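Visitor: Spelled out from the first residue to the last, the chains are:
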Amino acid sequence: SVLEEFQMEEFKERCTQCEAVSWGLTDEGKYYCTSCHNVTERSKEVINSDIIPNAQIKALNRGLKRKNNSEKGWDWYVCEGFQHILYQQAEALKNLGVGPELKNDVLHNFWKRYLQKSKQAYCKNPVYTTGRKPTVLEDNLSHSDWASEPELPSDVNSPFLESGMESQSDVHTRKSLRISKALQSETSVCSGSLDGVEYSQRKEKGLVKMTVPQTLAFCYLSLLWQREAITLSDLLRFVEEDHIPYINAFQHFPEQMKLYGRDRGIFGTESWPNYDDIYKKTIEVATFLDLPRFPDITEDCYLHPNILCMKYLMEVNLPDEMHSLTCHVVKMTGMGEADFLTFDPIAKVAKTVKYDVQAVAVIVVVLKLLFLLDDNLEWSLSNLAEKHNEKNKKDKPWFNFRKWYQIMKKAFDEKKQNWEEARAKYLWKSEKPLYYSYVDKPVAYKKREMVVNLQKQFSTLVDSTPTAGKKSPSSFQFNWTEEDTERTCFHGHSLQGVLKEKGQSLLTKNSLYWLSTQKFCRCYCTHVTTYEESNYSLSYQFILNLFSFLLRIKASLLHEEVSLVEKELFKKKYSVTKKKSKSKKRRR
Amino acid sequence: MSRAASLPVIYSAQSVIGMSDFSEELKGPVTDDEQVETSVLSGAGMHFPWLQTYIETVAIGGKRKKDFAQTTSACLSFIQEALLKHQWQQAAEYMHSYFQTLEDSDSYKRQAAPEIIWKLGSEILFYHPKSNVETFNTFADRMKNIGIMNYLKISLQHALYLLHHGMLEDAKRKLSEAETWRHGEKTSSREILINLIQAYKGLLQYYTWSKKKRELSKLDKDDYAYSAVAQDVFNHSWKTSVNISALIKMPGVWDPFVKSYVEMLEFYGDRDGAQEVLTNYAYDEKFPSNPNAHIYLYNFLKRQKAPRSKLISVLKILYQIVPSHKLMLEFHTLLRKSEKEEHHKLGLEVLFGVLDFAGCTKNITAWKYLAKYVKKTLMGNHLVWVQEEWKSRKNWWPSFHFSYFWAKSDWKEDTALACEKAFVAGLLLGKGCRYFRYILKQDHQILGKKIKRMKRSVKKYSIVNPRL
Numbered sequence: 055s056v057l058e059e060f061q062m063e064e065f066k067e068r069c070t071q072c073e074a075v076s077w078g079l080t081d082e083g084k085y086y087c088t089s090c091h092n093v094t095e096r097s098k099e100v101i102n103s104d105i106i107p108n109a110q111i112k113a114l115n116r117g118l119k120r121k122n123n124s125e126k127g128w129d130w131y132v133c134e135g136f137q138h139i140l141y142q143q144a145e146a147l148k149n150l151g152v153g154p155e156l157k158n159d160v161l162h163n164f165w166k167r168y169l170q171k172s173k174q175a176y177c178k179n180p181v182y183t184t185g186r187k188p189t190v191l192e193d194n195l196s197h198s199d200w201a202s203e204p205e206l207p208s209d210v211n212s213p214f215l216e217s218g219m220e221s222q223s224d225v226h227t228r229k230s231l232r233i234s235k236a237l238q239s240e241t242s243v244c245s246g247s248l249d250g251v252e253y254s255q256r257k258e259k260g261l262v263k264m265t266v267p268q269t270l271a272f273c274y275l276s277l278l279w280q281r282e283a284i285t286l287s288d289l290l291r292f293v294e295e296d297h298i299p300y301i302n303a304f305q306h307f308p309e310q311m312k313l314y315g316r317d318r319g320i321f322g323t324e325s326w327p328n329y330d331d332i333y334k335k336t337i338e339v340a341t342f343l344d345l346p347r348f349p350d351i352t353e354d355c356y357l358h359p360n361i362l363c364m365k366y367l368m369e370v371n372l373p374d375e376m377h378s379l380t381c382h383v384v385k386m387t388g389m390g391e392a393d394f395l396t397f398d399p400i401a402k403v404a405k406t407v408k409y410d411v412q413a414v415a416v417i418v419v420v421l422k423l424l425f426l427l428d429d430n431l432e433w434s435l436s437n438l439a440e441k442h443n444e445k446n447k448k449d450k451p452w453f454n455f456r457k458w459y460q461i462m463k464k465a466f467d468e469k470k471q472n473w474e475e476a477r478a479k480y481l482w483k484s485e486k487p488l489y490y491s492y493v494d495k496p497v498a499y500k501k502r503e504m505v506v507n508l509q510k511q512f513s514t515l516v517d518s519t520p521t522a523g524k525k526s527p528s529s530f531q532f533n534w535t536e537e538d539t540e541r542t543c544f545h546g547h548s549l550q551g552v553l554k555e556k557g558q559s560l561l562t563k564n565s566l567y568w569l570s571t572q573k574f575c576r577c578y579c580t581h582v583t584t585y586e587e588s589n590y591s592l593s594y595q596f597i598l599n600l601f602s603f604l605l606r607i608k609a610s611l612l613h614e615e616v617s618l619v620e621k622e623l624f625k626k627k628y629s630v631t632k633k634k635s636k637s638k639k640r641r642r
Numbered sequence: 064m065s066r067a068a069s070l071p072v073i074y075s076a077q078s079v080i081g082m083s084d085f086s087e088e089l090k091g092p093v094t095d096d097e098q099v100e101t102s103v104l105s106g107a108g109m110h111f112p113w114l115q116t117y118i119e120t121v122a123i124g125g126k127r128k129k130d131f132a133q134t135t136s137a138c139l140s141f142i143q144e145a146l147l148k149h150q151w152q153q154a155a156e157y158m159h160s161y162f163q164t165l166e167d168s169d170s171y172k173r174q175a176a177p178e179i180i181w182k183l184g185s186e187i188l189f190y191h192p193k194s195n196v197e198t199f200n201t202f203a204d205r206m207k208n209i210g211i212m213n214y215l216k217i218s219l220q221h222a223l224y225l226l227h228h229g230m231l232e233d234a235k236r237k238l239s240e241a242e243t244w245r246h247g248e249k250t251s252s253r254e255i256l257i258n259l260i261q262a263y264k265g266l267l268q269y270y271t272w273s274k275k276k277r278e279l280s281k282l283d284k285d286d287y288a289y290s291a292v293a294q295d296v297f298n299h300s301w302k303t304s305v306n307i308s309a310l311i312k313m314p315g316v317w318d319p320f321v322k323s324y325v326e327m328l329e330f331y332g333d334r335d336g337a338q339e340v341l342t343n344y345a346y347d348e349k350f351p352s353n354p355n356a357h358i359y360l361y362n363f364l365k366r367q368k369a370p371r372s373k374l375i376s377v378l379k380i381l382y383q384i385v386p387s388h389k390l391m392l393e394f395h396t397l398l399r400k401s402e403k404e405e406h407h408k409l410g411l412e413v414l415f416g417v418l419d420f421a422g423c424t425k426n427i428t429a430w431k432y433l434a435k436y437v438k439k440t441l442m443g444n445h446l447v448w449v450q451e452e453w454k455s456r457k458n459w460w461p462s463f464h465f466s467y468f469w470a471k472s473d474w475k476e477d478t479a480l481a482c483e484k485a486f487v488a489g490l491l492l493g494k495g496c497r498y499f500r501y502i503l504k505q506d507h508q509i510l511g512k513k514i515k516r517m518k519r520s521v522k523k524y525s526i527v528n529p530r531l
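Chain order of the listed sequences is A and B.
Following our numbering, the numbering of the first sequence begins with 55 at its first residue and continues without gaps.
Following our numbering, the numbering of the second sequence begins with 64 at its first residue and continues without gaps.
The following block holds chain A by itself, in its conformation from the complex (with noise of 0.2 Å):
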C-alpha cells in the first residue's frame, strides 16, 4: 500500500516550458518533458521497489506526507474568505474615519445574518451537514485554526460572540468536510478551501451566494445603516483607488489559507465594482437578510439631498447661490421627505434612492433652468454677464457661464486623461497568482516571476521619479480655492445676471425649458429613458459628461436621474403632455 500511495504522488506538475504533462524518464533518472524535452532537477527516485529498502519508502513517505500538509495549508471554508474580506473592508473603512460600530457591530450583525439566512452557520442545520454523516474524528491538532485567528470579525467583542460561532454541528461538518477533501484529493482537487466546489455548484431558488462584488454591498447597507457621509460612487472610487480592499483582497488571506481550482473563480476579480451593479446587489442583500427599515435620512444627513447638493456645487466650481434654487427643487419634488430618501428593504417594493446621482441630478435640472442649455442662451448670457464684469470690476462678478465652462473643460480633460492613463498602468495580478489545480502550480509561479522580472527590467528604464504613490482618500476630486489665480473660483460668484426681481420674488431671466424625456419607456426593459448623445445640446451633454465622470457612472445613467427628477418637478406637465412646458415660475 505504501507503494500505491507513492504511485499517486507521481509527477503531476506541469512542465514549465510548454506547459504540458507528459513525463518521461531520462537515463539518470531525471524527469524530462516528452513534448519539449525540457529536463527537470525533479528525479524519481523509486525506479524498481525491489532494490529499494523498505524503510527508505517509508521515511520518503513520510517526509511527503507532511509536506503535503503544508503545502495544503488550512482548512477553510468559503464564507471565511468573504469573511476575511469584510473584515479588511471594515478595517480600510475606519481608516477613512468611518465610526469603529460600523465594523464592531453593523457590519458584524449583517454578516451574521446572513451566514444564518443562508444556513452557513448559526443555525441548527448548517448547510454542510445535510445528507451527510459526520464522521468523529477526533484529531485536535488543526482544531479550527480560525476559531484562534485574532483578526475576524467574530472576534471583536461584540454581542454575538458569546453564542459562539463555532457550533456543535460545525465541528462535526469540517471534520466530515475534511475526509471527503481527502477522497477528493485522491482524484483531482479542485479547490484550496473545503467547500469550493460545492459552493461553486449550489442552487437555491432564493438563495443570495456571496461573491466579492457583494462584499460591497454589505459595506455600503452597514455605511447607509450608520448614515455614514460616504455615498455609494465615494466608496467605489476608494475601491478603485484601491483605499479598499477588493482586486485581489484575497491575497492578505494569512499565508495557510491556499487558493486554487473553484477559489478562483470566487475570489478572483478582473474588474472594478459597476455602480448599478452594486446597487441593485444592496437592495438583493437587505431583502435577503430582511432587514428593517433602516434610520431616517433627515436634513442634517449627508446624504440628504440639500447637504449633497452643496458638496457637488462646490465641486464643480458652480456659484454658492444656486444651493437655494437646488433646495427649491428637492422642496417642490418631495424629494427631500424622509419617508422618500429613508431605506426599507420590507417596504412592498424595495428600492433605494441613488443618493448621489439624484443629488447630482438636481444640479442639472437647475443648470436647464437658468442657462436653458440649448447651445444658444446660455452664451448670450454669458456675453451679458461679461460686459457687465468689464464695467463693475469692483462688485461680486456675475456668473459667466462661458468662463466656467473654459475653466471646467481644462480641469475635466485634464482629470479623465490621467485617470484613463492610470488605469491603463494598473497592475491586476497579485502577488499571490491564482492557479486551477496543483498541476498548474509551478507555472503559474514561474509566469509571475517572470512577469515580476520583466518589470524590474523596465523599471530601471523609468525616470527615476517616481509618480507620486497613492492619492491620499478624498471625498473631493477638485479643489477650487479664491486665491488660485490661474482657476478662477465661481464659488462667490453672484448669479443676478440670470435672475430678475418681481415684487417680491425673483424670477429667471429664462422662461424656457425642455425636458430630457418626453415619454418614459413602459415596457419591461430595465431603463425607462434612452439616452443617444448627439439628439442633446452640446453643453447639456458636456455637463452630463463631467458629473458622470465624477460619479464614475454611465451619462446614461444620471441622464435617466434627471428625467425623473423632472418628472416629479412638471407632473402637472406630464400628466396633460404639452410638447412645450414652461418653467415655473417660483418664489425666494
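Honestly, the hints are just simulated from the structure, not real lab data.
Here the structure is a predicted model, which is why all the values come from computation and not from measurement.
Be careful, since some hints might not be right.
[Said to hold, decoys possible] Computed from the model, here is a short list of chain B residues facing chain A with C-beta under 7 Å:
| hint | residue |
| --- | --- |
| 1 | F131 |
| 2 | A137 |
| 3 | F141 |
| 4 | A155 |
| 5 | M158 |
| 6 | Q163 |
| 7 | L165 |
| 8 | E166 |
| 9 | H191 |
| 10 | K193 |
C-beta: ideal position from N, C-alpha, C; glycine also.
Add chain B to chain A, keeping to what the hints say.
Guide: Chain B in isolation, oriented as in the chain A frame:
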C-alpha cells in the same frame, strides 16, 4: 559582408507596430548593385489584426468586457502611441504594466502575449537611451523561454540585433544555440525557421570566408601562411554550403543566400552545381516570381560564355517581369545579333518597352538604339513592325517624350540626347513634328552635319509619309 542580408519577414504581418522600423534598421545599407534584395517567405499566411479585434467584439456581444481586458488593451494603445511619437520613456512605463498580459486568464490572449511583448519590448529597447546590448540580451533571453512558441523567432531576431551592433561572434553563437535547441514536434513552420537560422549562420560563415579569400588573394603562393589560410577557406565553404543549401531548396525569395552560395560553388569550380541552384531558383514554379533569380542566372551564364540562344531565353522571362530593367538594352543587342527574324521584331518591341517608363526617358543609349534600329527596320522593309508598336503609343508618346517643352529642356541639358530623340520623333511623327523642328532650328557647329543627315533620313523613311 553582404549587408543585404535583410531581415526576412518572419512574422506574417505586423500585428503590432514597431517591428517594421526595427527590421528596416537591421537591413542596413544595400551594398549590392541596384537590385533590392529581400527575403520573403513564400506563402506566408495572411493576417489581419483589425479583423481579430472586430471578431472579438462581435463574439462578446452585449456582455461587458472585463476591466482587465479593457485596461490592458488601452495600455497597448498607449504603448503604440508612445512608439509612434518616439517617446521611449513613456512606452517603457506602460510596458511595465503590459507584462501582466502574460498572466491573462483568457488563454487565447495569454498565448498571443509573448509575441506582442517581444515586438514592443525589443522596439523600445532598440531605441531607449538607457538601454544597451546587455539589457537587450537579458530581455531576449527571458522572452525566449516563455513558452516554446517563440524561441526560434526571437533567437533569430536577437542574432540580427547583435549583427546590427557589429557583434558577429555573439550573433553566431546565438544562431548556433537556436540551431541545437531541443524542442518538441517538428512542425513545418518550425522547420522553415530552423532552415532560416542555419542559413543565416551560413551567411555569417560566408562573410568570414570571403574575408579570408581576400586575404588569400593578397598573399603570395610561396608565403608560409598561404596553405593554412587556404585550408581555412576550404573548411568554411564546406560548412556554409551545408547550412545554406537546405533553405534555398524551399520556395521563397532567398537572394542573399543564393548569391553567396553560388559564389562559393563557382570559386571551387562546381559550375554544374551553381547552375543547378540558379536554374532551380529561377524556374521552379513553386518559387514566387523573382526578377533577381533571372538576373543571377543570366549573369552566371554570361560568365560561363553560354550560347546566345540560352541567354536570350533567360532574358525573355525577365523582360516579361521587368520590361524596364537595364539589362533590356543588353537583351536588345542579343536579339539584334540573332539570325531569327522574330528576334529582330522582338528587339524593336523591347526598345519601345524600355522607353515606356518614366525612369528611362533620359537614357541616351536607349534612344540611340531606338533611332538606329527604327531606321534599320524601316530600311529593311518592316514598316508594319514599326506601325504596330507605334499604334498603341501614338496617343501618348508625343506629349510624353516629344513635347516642345522637352525639346527645349533636352537640348539645354544634353544635346546628344536631344538629337537622338529628334531623329526618332522625325521618323515616327514626320518632319512637321515640333520636337524635330525645334532641334533642326538649333544651330550647332559640331552636330550640324549629323542633323543634316538626320533630316535626309527622316525625309526618306518617316512612317508619316511613306514613300508613295
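Visitor: All hints, please: hold or fail.
Guide: Tested hints:
1. Against a cut-off of 7 Å between C-beta atoms, the interface hint on F131(B) holds, since the closest Cβ of chain A lies about 4 Å away.
2. Among the interface hints, the one on A137(B) holds; its C-beta lies about 4 Å from the nearest C-beta in chain A, closer than the 7 Å criterion.
3. Look at F141(B): its Cβ gets to within about 5 Å of chain A, closer than 7 Å, so that hint holds up.
4. Using the Cβ-Cβ criterion of 7 Å, the hint placing A155(B) at the interface with chain A is satisfied: the shortest such distance is roughly 4 Å.
5. Hint status for M158(B): holds, given a least beta-carbon distance of 5 Å to chain A, under 7 Å.
6. Against a cut-off of 7 Å between C-beta atoms, the interface hint on Q163(B) holds, since the closest Cβ of chain A lies about 5 Å away.
7. With its C-beta approaching chain A no nearer than about 5 Å, L165(B) sits inside the 7 Å limit, and its interface hint holds.
8. Of the supplied interface hints, the one on E166(B) holds, with its beta-carbon coming within about 5 Å of a beta-carbon of chain A, less than 7 Å.
9. With a cut of 7 Å, the hint placing H191(B) at the interface with chain A holds, because the nearest CB-to-CB distance is about 5 Å.
10. At a threshold of 7 Å, the smallest CB-CB gap from K193(B) to chain A is about 5 Å, leaving the interface hint in force.
The structure fails none of the hints (numbered hints given earlier).
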